[in-house]
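Asks: Going down the list, the protein sequences come from chains Z and U. Mapping of the first sequence onto our numbering: position 227 corresponds to residue 227, and the numbering continues sequentially without gaps. Mapping of the second sequence onto our numbering: position 143 corresponds to residue 524, and the numbering continues sequentially without gaps.
Keep in mind the hints are simulated off the structure, nothing from the lab. Predicted, not measured: the structure shown is a model, and the values here were computed from it. Wrong hints could be hidden among the right ones.
[Claimed, not checked] Chain U is faced by these chain Z residues, among others (derived, beta-carbon under 10 Å): (1) Ser-2; (2) Arg-4; (3) Val-7; (4) Leu-9; (5) Arg-11; (6) Ser-15; (7) Asp-20; (8) Leu-24; (9) Arg-61; (10) Ala-64; (11) Asn-67; (12) Leu-201; (13) Glu-202; (14) Leu-204; (15) Thr-210; (16) Ala-245.
[To be verified] Short derived list, chain U residues pointing at chain Z, Cβ under 10 Å: (17) Phe-419; (18) Pro-423; (19) Asn-467; (20) Leu-468; (21) Ile-471; (22) Gly-472; (23) Val-480; (24) Thr-485; (25) Phe-493; (26) Val-496; (27) Ser-534; (28) Trp-564; (29) His-566; (30) Phe-567; (31) Ala-569; (32) Ala-573.
[As the list claims (entries may be wrong)] For each label pair, taking beta carbons as the anchor points, the in silico distance ranges come out as: (33) Z:Gly-212 / U:Ser-526: 49 to 59 Å; (34) U:Gly-453 / Z:Phe-268: 32 to 42 Å; (35) Z:Leu-326 / U:Gly-502: 47 to 57 Å.
Built from N, CA and C at the ideal position, the CB exists for glycine as well.
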Amino acid sequence: MSRRRIVALFRRVVSEIRRDRPSLALLFIAPIVITGLVTFILRESQAPQVTAVVVNLAGPRGLAVGNALEAALRTDGATVSDVADEAAARAAIADKAASVGIVLRPGAASGGSLDVTVITNGLDPSGDVAQVSAIQRSVLAAATAATGTAIPAVNHATVYGTPTDDPVTTFAPAIVAFFAYFFVYILTGVSFLRERTGGTLERLMATPVTRGEVVLGYTLGFGLFATIQVAVLLLWALGSLHVGALGPLPAFSIGLGISASGSPILAFLVVVLLAVGAVSLGIFLSTFARTELQIIQFIPIVLAPQFLLSGVLFPVSSLPSILQPLVAIMPLNYAVDGLRQVFIRGADLGVPALQLDLAVLGIVAAFFATIAALTIRRDVV
Amino acid sequence: MALHVEPDLDGAGPPPAIRAHGLVKSFGTLRAVDDVTFDLAPGRIYGLLGPNGSGKTTLIRLLTGLTVPTAGWAEVLGTRMPSRPNLGRIGYMTQTDGVYTALTVSENLHFFGAVYGVDGGEPVEHALGIVDLAGRRSSIVGTLSGGQRRRLSLACALIHRPPVLFLDEPTVGVDPLLRVQFWAHFRALTDAGTTIVVSSHVMDEADRCDELLFVRSGTIIARGTGQEIRVQAGTADLEQAFLRLGGNVEVTR
Ligand SMILES: Nc1ncnc2c1ncn2[C@@H]1O[C@H](COP(=O)(O)OP(=O)(O)O)[C@@H](O)[C@H]1O
Ligand SMILES: [Mg+2]
Numbered sequence: 001m002s003r004r005r006i007v008a009l010f011r012r013v014v015s016e017i018r019r020d021r022p023s024l025a026l027l028f029i030a031p032i033v034i035t036g037l038v039t040f041i042l043r044e045s046q047a048p049q050v051t052a053v054v055v056n057l058a059g060p061r062g063l064a065v066g067n068a069l070e071a072a073l074r075t076d077g078a079t080v081s082d083v084a085d086e087a088a089a090r091a092a093i094a095d096k097a098a099s100v101g102i103v104l105r106p107g108a109a110s111g112g113s114l115d116v117t118v119i120t121n122g123l124d125p126s127g128d129v130a131q132v133s134a135i136q137r138s139v140l141a142a143a144t145a146a147t148g149t150a151i152p153a154v155n156h157a158t159v160y161g162t163p164t165d166d167p168v169t170t171f172a173p174a175i176v177a178f179f180a181y182f183f184v185y186i187l188t189g190v191s192f193l194r195e196r197t198g199g200t201l202e203r204l205m206a207t208p209v210t211r212g213e214v215v216l217g218y219t220l221g222f223g224l225f226a227t228i229q230v231a232v233l234l235l236w237a238l239g240s241l242h243v244g245a246l247g248p249l250p251a252f253s254i255g256l257g258i259s260a261s262g263s264p265i266l267a268f269l270v271v272v273l274l275a276v277g278a279v280s281l282g283i284f285l286s287t288f289a290r291t292e293l294q295i296i297q298f299i300p301i302v303l304a305p306q307f308l309l310s311g312v313l314f315p316v317s318s319l320p321s322i323l324q325p326l327v328a329i330m331p332l333n334y335a336v337d338g339l340r341q342v343f344i345r346g347a348d349l350g351v352p353a354l355q356l357d358l359a360v361l362g363i364v365a366a367f368f369a370t371i372a373a374l375t376i377r378r379d380v381v
Numbered sequence: 382m383a384l385h386v387e388p389d390l391d392g393a394g395p396p397p398a399i400r401a402h403g404l405v406k407s408f409g410t411l412r413a414v415d416d417v418t419f420d421l422a423p424g425r426i427y428g429l430l431g432p433n434g435s436g437k438t439t440l441i442r443l444l445t446g447l448t449v450p451t452a453g454w455a456e457v458l459g460t461r462m463p464s465r466p467n468l469g470r471i472g473y474m475t476q477t478d479g480v481y482t483a484l485t486v487s488e489n490l491h492f493f494g495a496v497y498g499v500d501g502g503e504p505v506e507h508a509l510g511i512v513d514l515a516g517r518r519s520s521i522v523g524t525l526s527g528g529q530r531r532r533l534s535l536a537c538a539l540i541h542r543p544p545v546l547f548l549d550e551p552t553v554g555v556d557p558l559l560r561v562q563f564w565a566h567f568r569a570l571t572d573a574g575t576t577i578v579v580s581s582h583v584m585d586e587a588d589r590c591d592e593l594l595f596v597r598s599g600t601i602i603a604r605g606t607g608q609e610i611r612v613q614a615g616t617a618d619l620e621q622a623f624l625r626l627g628g629n630v631e632v633t634r
């Protein structure tokens with residue numbers, strides 16, 4: 001290993017990326033825009049607008065319950081009207097005049113029980129679920145009002161962190177890790193493919209440079225940009241810079257303002273280890289690509305499973321048990337977990353779970369660096 | 382720097398700079414290089430001449446140790462190839478330009494200089510001067526013409542002043558005036574002891590070489606000075622000579 005050659009390789013990679021505006025935008029602006037958008041969507045999602053039509057087929061008893069229900073719905077901000085029969089209710093929903101129909105019928109059980117059927121459009125399942133749960137809340141409120149019995153309140157406490165209804169807190173660590181992995185992989189893969197197809201690797205192999213030096217130089221070069229990217233993303237995710245109102249501009253704040261309890265330095269370490277593995281993965285996979293498009297085509301094979309199986313979108317614990325062995329070998333999984341350990345639990349280096357995450361990420365990075373170096377063979381350029 | 386080679390009294394001459402012995406490279410059933418043996422003396426320009434696909438690039442890759450021979454061996458400056466330290470004494474201008482198009486001319490030269498262990502401005506200025514690119518030092522390589530890139534590629538192969546140079550079709554796309562300068566520089570290098578192997582698929586520069594090696598289907602079908610080959614083939618035209626010495630097999634097949 002020659003330090004001079006490694007530094008030369010490092011500087012070369014840095015000068016190349018520095019001039020590549022689209023890549024810089026991909027590294028720094030894209031993740032900020034996407035995380036900002038996702039955060040906005042998650043936090044500001046609107047409560048469903050309920051426009052209910054009520055059909056009473058249960059006589060006077062139904063009328064009493066129906067009135068209580070309508071009152072509860074109106075209290076929750078819904079628009080309510082009565083229609084004669086179920087066909088009219090379905091027609092109103094089909095015409096989009098109503099979002100939901102409520103049909104009251106005599107219950108199957110004796111003693112004057114009632115059945116409540118909720119009719120929704122059916123084209124938008126998740127919207128329908130929101131409508132139904134809004135009705136359920138109102139039914140509960142109406143029942144409480146009618147019987148005069150209070151329903152016990154359910155409170156929530158957590159071992160780590162504090163209970164929060166901010167979904168971004170768990171989402172942010174996942175998305176930071178994913179972006180670091182994704183962009184570093186694409187940039188290295190494309191860059192190294194150019195090296196292979198452009199004849200520069202052939203030329204490099206005709207110099208005293210060793211393949212270990214090449215991998216190290218690339219890792220340092222792309223590692224530098226990954227490091228800056230992660231620093232910027234963490235600042236963005238954790239920061240909350242309040243900007244006061246100025247003239248016609250309303251007050252606003254910069255940053256997602258996620259509350260985190262652990263050390264940002266540790267979070268940083270986790271993502272940098274992940275990114276180092278991504279550099280080597282890019283070098284390795286560039287062996288199997290002939291065009292830059294093929295680097296992109298590896299994404300569904302290599303990155304999509306990680307996205308699905310590493311708790312970015314679905315909690316790992318809710319994944320089917322048959323997939324759990326796969327979960328255990330996804331590098332991204334350890335980074336996401338490590339970041340959550342740091343962000344939510346406030347873990348330090350003494351926490352075994354974080355030690356495991358860091359160890360696995362380190363081993364994965366070393367493993368891929370080795371196989372990446374093995375693909376830089378003289379005959380394979 | 383200058384290395385004047387006096388013939389030994391017993392007539393054995395200096396040790397060869399480049400040796401090939403029974404070199405074979407097969408790709409599947411194709412023998413791209415088929416049993417090549419030669420010794421090349423130092424301080425001379427050797428022309429590796431043959432049509433496209435005759436095996437010139439593969440032969441150079443075998444001599445530089447960039448590809449593993451199916452059989453045989455190659456030696457450069459007394460060291461068996463492949464040898465990574467020995468690569469520091471070899472310059473290789475690849476057939477594709479092999480320069481970084483996103484970097485500037487001088488960044489490319491500084492990079493290859495550092496990789497070969499020659500630091501800083503002086504070697505870069507020297508190389509820029511040889512290929513007449515000093516005025517474009519700050520240009521991004523992607524904005525250069527094909528001929529200018531070819532010149533940069535040559536400069537990158539020369540930057541560490543290697544005693545052995547392999548140039549794979551160096552003058553393709555280079556204008557006639559600059560070609561003359563190139564050859565003058567090659568001659569100056571060999572006068573100082575450098576050994577140069579130049580490949581070409583055209584014959585018009587053959588007479589600038591000290592010795593020619595005709596390559597056809599991976600074998601050396603003739604070797605000698607331009608004059609010797611003309612006499613041997615009984616024609617004043619080297620194209621004709623190539624065909625008469627066995628180069629026609631490919632044409633008639
Ligand atoms: N990596 C390779 N795999 C398969 N065939 C190859 C490879 N490299 C060269 N060849 C074949 O070997 C022959 C000689 O190629 P090459 O040495 O490039 O010829 P030249 O440089 O004289 O044009 C050609 O038929 C070419 O297709
Ligand atoms: Mg060739």
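Asks: Next, verify each hint and record whether it holds.
Replies: Against the structure, the hints come out as follows:
no. : hint                              : result
1   : Ser-2                             : 8 Å, holds
2   : Arg-4                             : 6 Å, holds
3   : Val-7                             : 7 Å, holds
4   : Leu-9                             : 8 Å, holds
5   : Arg-11                            : 8 Å, holds
6   : Ser-15                            : 6 Å, holds
7   : Asp-20                            : 7 Å, holds
8   : Leu-24                            : 13 Å, violated
9   : Arg-61                            : 79 Å, violated
10  : Ala-64                            : 78 Å, violated
11  : Asn-67                            : 74 Å, violated
12  : Leu-201                           : 8 Å, holds
13  : Glu-202                           : 5 Å, holds
14  : Leu-204                           : 7 Å, holds
15  : Thr-210                           : 7 Å, holds
16  : Ala-245                           : 45 Å, violated
17  : Phe-419                           : 21 Å, violated
18  : Pro-423                           : 20 Å, violated
19  : Asn-467                           : 9 Å, holds
20  : Leu-468                           : 5 Å, holds
21  : Ile-471                           : 7 Å, holds
22  : Gly-472                           : 9 Å, holds
23  : Val-480                           : 7 Å, holds
24  : Thr-485                           : 8 Å, holds
25  : Phe-493                           : 7 Å, holds
26  : Val-496                           : 5 Å, holds
27  : Ser-534                           : 8 Å, holds
28  : Trp-564                           : 23 Å, violated
29  : His-566                           : 20 Å, violated
30  : Phe-567                           : 19 Å, violated
31  : Ala-569                           : 23 Å, violated
32  : Ala-573                           : 22 Å, violated
33  : Z:Gly-212 / U:Ser-526: 49 to 59 Å : 37 Å, violated
34  : U:Gly-453 / Z:Phe-268: 32 to 42 Å : 54 Å, violated
35  : Z:Leu-326 / U:Gly-502: 47 to 57 Å : 54 Å, holds
Of the hints listed earlier, those the structure fails to meet are numbers 8, 9, 10, 11, 16, 17, 18, 28, 29, 30, 31, 32, 33, 34, in rising order.
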